[in-house]
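**Student:** Residue numbers (this note's numbering), protein chains in the order written: chain A, 9 to 346; chain B, 9 to 346; chain C, 9 to 346; chain D, 9 to 346.
None of these hints come from the bench; they were simulated from the model.
A hint or two may mislead.
Copies of one chain are not kept apart here, so a pair can be met inside one copy or by any two copies together.
Unchecked claim - Computed list of lysine-lysine pairs in BS3-like fashion (alpha-carbon distance at most 30 Å, straight line): (1) K261 - K339; (2) K51 - K68; (3) K51 - K11; (4) K261 - K146; (5) K145 - K105; (6) K147 - K205; (7) K10 - K261; (8) K13 - K51; (9) K51 - K146; (10) K339 - K145; (11) K11 - K261.
Please read these numbers as outputs of a predicted model, since none were measured by experiment.
There are 4 protein chains.
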Amino acid sequence: MKKVKFGIIGVGRLGYEHACNLAARIPAAELVAVCDGNLERAKEVAEDLGVSAVYDDPAKMCADPEVEAVAIVTNTNSHLEMIRIAMEAGKHVFCEKPLASTVAECKEVEKIVEAHPEQIFMLGFMRRYDYSYEVAKKKIENGDIGDLVLVRCYSQDPRSIIEGTLEYAPRSGGQFIDMSIHDMDLIRWITGCNPSKVWAIGGCYEFPQYADWDDGDNVGCLMQMENNVMAFFYAGRTAAHGSAVETEILGTKGMLRIGSTPTDSLVQVFSENGVCQECYQDFLTRWHYAYIREMEVYCDAVLNHVQPTPNVYDGTDSNRIAELCKESFIKNELLKFE
Amino acid sequence: MKKVKFGIIGVGRLGYEHACNLAARIPAAELVAVCDGNLERAKEVAEDLGVSAVYDDPAKMCADPEVEAVAIVTNTNSHLEMIRIAMEAGKHVFCEKPLASTVAECKEVEKIVEAHPEQIFMLGFMRRYDYSYEVAKKKIENGDIGDLVLVRCYSQDPRSIIEGTLEYAPRSGGQFIDMSIHDMDLIRWITGCNPSKVWAIGGCYEFPQYADWDDGDNVGCLMQMENNVMAFFYAGRTAAHGSAVETEILGTKGMLRIGSTPTDSLVQVFSENGVCQECYQDFLTRWHYAYIREMEVYCDAVLNHVQPTPNVYDGTDSNRIAELCKESFIKNELLKFE
Amino acid sequence: MKKVKFGIIGVGRLGYEHACNLAARIPAAELVAVCDGNLERAKEVAEDLGVSAVYDDPAKMCADPEVEAVAIVTNTNSHLEMIRIAMEAGKHVFCEKPLASTVAECKEVEKIVEAHPEQIFMLGFMRRYDYSYEVAKKKIENGDIGDLVLVRCYSQDPRSIIEGTLEYAPRSGGQFIDMSIHDMDLIRWITGCNPSKVWAIGGCYEFPQYADWDDGDNVGCLMQMENNVMAFFYAGRTAAHGSAVETEILGTKGMLRIGSTPTDSLVQVFSENGVCQECYQDFLTRWHYAYIREMEVYCDAVLNHVQPTPNVYDGTDSNRIAELCKESFIKNELLKFE
Amino acid sequence: MKKVKFGIIGVGRLGYEHACNLAARIPAAELVAVCDGNLERAKEVAEDLGVSAVYDDPAKMCADPEVEAVAIVTNTNSHLEMIRIAMEAGKHVFCEKPLASTVAECKEVEKIVEAHPEQIFMLGFMRRYDYSYEVAKKKIENGDIGDLVLVRCYSQDPRSIIEGTLEYAPRSGGQFIDMSIHDMDLIRWITGCNPSKVWAIGGCYEFPQYADWDDGDNVGCLMQMENNVMAFFYAGRTAAHGSAVETEILGTKGMLRIGSTPTDSLVQVFSENGVCQECYQDFLTRWHYAYIREMEVYCDAVLNHVQPTPNVYDGTDSNRIAELCKESFIKNELLKFE
């Protein structure tokens, strides 16, 4: 039973989740090194997971010959630098989304990845590896819903976490580049192409501070895809019911909806409120198994030496779309892609 | 467009609903006379509905040559007497459920009805005429679910109306003879037979006063039908979510559920409570169209001179089962039917 | 019990539905005259509903002193002419949607209606009077979902009736002016304003003949409303599951969805296909009670001498939006309203 | 990071699932030995999971000093013998349900377990550790649904696997002792007591061969619990929709339903069949995480040296109830427990 030996860079909330998965939930993975700018945090996680090698310098971890693959779960701003370090040290790289902060940076990442064709690179758009999305994709490919007509994607963060969101917002990239970029990846994955035109609107419906960052607390965008499929996405920060991601794929012969009732259990509650299904409050709960599954796929790719998807170009294109949407939102104009 | 001319006896809450239906919602019906022990109430309803003939004496109303058919919506205790008066006056009779207070009285009603074979008699178990039940019945008859295995019937009154229920309980017949009798009719209608054995349990889970009337606030009963189909019914007075009637028909090739989410609208509410569908609080709302539909069927029967169902024998059998269940409940014994 | 005496012009499929409602399902209405260009059809309906006055000339029916109000259920092309005839004959007028074929015609209707301020005029956008929509509107007005962010409206015709649709399409006004106009009315009703900008896309995903009429078999449109609420509507002719109208109202504190599962019964079917709810195949089934309810509202308005909504200006604005959307669709451009 | 070293006895379908979990999905577990009567199978599984110690003799595996805990996943008939061997070798024991084939055997197991109080014993009723059941249990304990009134439990195997079921049926213990025993455990767990009376019915609705084993293809049972809560369970082998386990807990202030729509994804399919959610076909899919979770709990118990539940007495009581239900079913009599 061959295992891929991982070092992880960045063990904040999501990084810790990946670290746990690599340490104990993925048969083909082994976590051998933990790196975090905060050395205390790195030590704590390493001890918790039984890992002996601890670093606060990514370059040093990447010099560790024990490490075969590097999982990058740092701030988006540092992705380019981390990818460069790991790739140049000869490591396979798994990098969390988005690929980088700007399209210009994405292009640099492309060059680095292209310079190391033998090393396996994968970008962490985990929604593609959620079981429900896998089920839906198979039905689409099987022709169950005919030809594609419309893809609708909603991403909502719960109001209950708005404080944290507001604090994080200025450096996160905002609705388009941080949040909706998941939906851009999904739309590209489902339709197989890029948009030809986009028009993004929305604004600050409750939290005026988003305007300071050229952003809105709720935004929406209509896209005409190159193959004329319609795509509408919406991203909001004020969902009462929870952490909700819904995707609809409407075809000429049927329709699929994923996550319309974003529940994490099979419990129905009959009460004064009627018949209710309670919702996720937390994206880590929603995507727990998708994070595991994508890493299983990545380990398979490393062990079998094939390049998996989403790849570096998927990452660049999602960033390109996101930047265009943001520009459309700021100008309130219909813009062409390319 | 031939219409059946109705007199109604009893215009309390449900009687008023029937009166409105006869007056203005059923093309083949016309309301020509209103009778109520409370003459003021009768006058008020008659004026509201544009009816000129008003009575406080059922015998006098039944002597009115204008009246062709009589709708009886009085207390169960008086059904026998009202049916006798109307039938002997030569009128067609529609009588609300249950047929009578006791099996002995039911037997007397049978004789009266049998003595007037030209007059059309129908008992008001309206659930049979609810659209959802009609859809389900057709699927069963069509063989969609194979052979019957289990019928499960729940009838729940909302906690919100418990005060009224408690006041009415002592003279209502209780869970078995007033409430579950609807389910006995449904079970007989669906399975086409009577039970062979019954065992009823339950008790006072919150309102001890039910024990004073040899009753419980929540009761349940397992029945083995003559054709070996299993039937389980439950009746409760403390439903948080509303006025809930659920029926499940489980067959060897499929299953149908009616009313599992007892909502009256197509609205989903996404809120802090999750994704909810609000429920009926009121049986008249739930069964509004079933009450209209059963009366349309009755008018058709009168105009075409055929005897509809549920008939007088259906009424007697449901009372017989209800009495047996109550006896089983009191003795906590398994009892045979017949 | 005062009743409004109606004459109806046009007793095709929907006209017959209105005729039945006026004749027997609405306490405050009475149907006294039937008019149809096809005299045989008019006679047949009149006989069926027990109406003695029959016409094939609308002007003659409008001269009938017995008639107080006229229900117009003819082709959209003739609405202007029918409204003129009825209004000038001193009758109250209920007219089916859309108000007219073009904005220019709508403006002429406005003048006619303004010239007869004592006569009650109402436009038949029945969705506003559907029970589920009434429930949702109350919740919005009650502040349950906070401030409005996004309204999403889907209108789908079932594939099963595509043949009839294709035949009717060339003279119907198409997706925007015939079908989506319902959603334009809903969006205006919910948001309380008109759009400021629209961009419509879509096309012929399966039936190329729609292109001959400058139309698509599936179209979508993003609108920015004057109050900055986002609105997205979609209209399609190829729904596998049935006649589906879904409306979502997303606010800063909650979300409502109407008709996400467009079923007409409370039956769940458990079969090889999973757990299913069957859908409406027919718009008359879906909106049966909305058609009754809007006419009840109209009768109330006539009896109380108040002008109800939707009014003539609502009608014009919906046509204006529809024309703009169609122009945007043809040009594939973002267009301003006004 | 301390790990419990496991040997597993029996690596058939469910045993293999447990083996995979112990090998790679549970941080606190390590699989160090595999034993199966079929040595080839044991070798195959061991190789697949990277385990070096392989046995076909349970006694020899239990003599392996490397093994700390033994997971028993053999035929029910051999549970007593396996538990004896493992316990007497000083190992901790996790045993799949049911505890044994007969109450008499269960009593012997009790003696063995009592003789080794320092060794941790747990019985594998995994449903208690399913996330949805955990959510429901917390709500009950929190008082959200008031006092318990009724527990309803359905266990259904899909028709699609009936061939395998029929082959396995004669030696499985049948509906009561193999299948419904899960529900007996759930009912005991939820109500906190045993039944006082039971009446079981049902029969062969499609597969007459079950009668040869004093069993039915579909059976049901009403139980009156010692605390007067009502409990109804149903077990069937002919479910069209899939592998369905539903549990309802009805209280005086609310109701919970678990698994009413037994789906494993968040996908809704809109098609000619209506709006559908597809169901599990396979119990291993349904309970995948419950099997992991129960083993996590067991490892915690071993590491912290506490005795977890369900314990050996839970096992005996469920077998006692199952035997009584089977006797009631055969005699068609109401029987007392004790």
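**Student:** Look at each hint and say if it fits the structure.
**Tutor:** So, going through the hints one by one against the coordinates:
| no. | hint | verdict |
| --- | --- | --- |
| 1 | K261 - K339 | between (37 Å within a copy, 28 Å between copies) |
| 2 | K51 - K68 | within (15 Å within a copy, 42 Å between copies) |
| 3 | K51 - K11 | both (23 Å within a copy, 20 Å between copies) |
| 4 | K261 - K146 | both (15 Å within a copy, 27 Å between copies) |
| 5 | K145 - K105 | within (21 Å within a copy, 37 Å between copies) |
| 6 | K147 - K205 | within (27 Å within a copy, 36 Å between copies) |
| 7 | K10 - K261 | neither (44 Å within a copy, 47 Å between copies) |
| 8 | K13 - K51 | both (18 Å within a copy, 26 Å between copies) |
| 9 | K51 - K146 | neither (42 Å within a copy, 35 Å between copies) |
| 10 | K339 - K145 | neither (35 Å within a copy, 33 Å between copies) |
| 11 | K11 - K261 | neither (44 Å within a copy, 47 Å between copies) |
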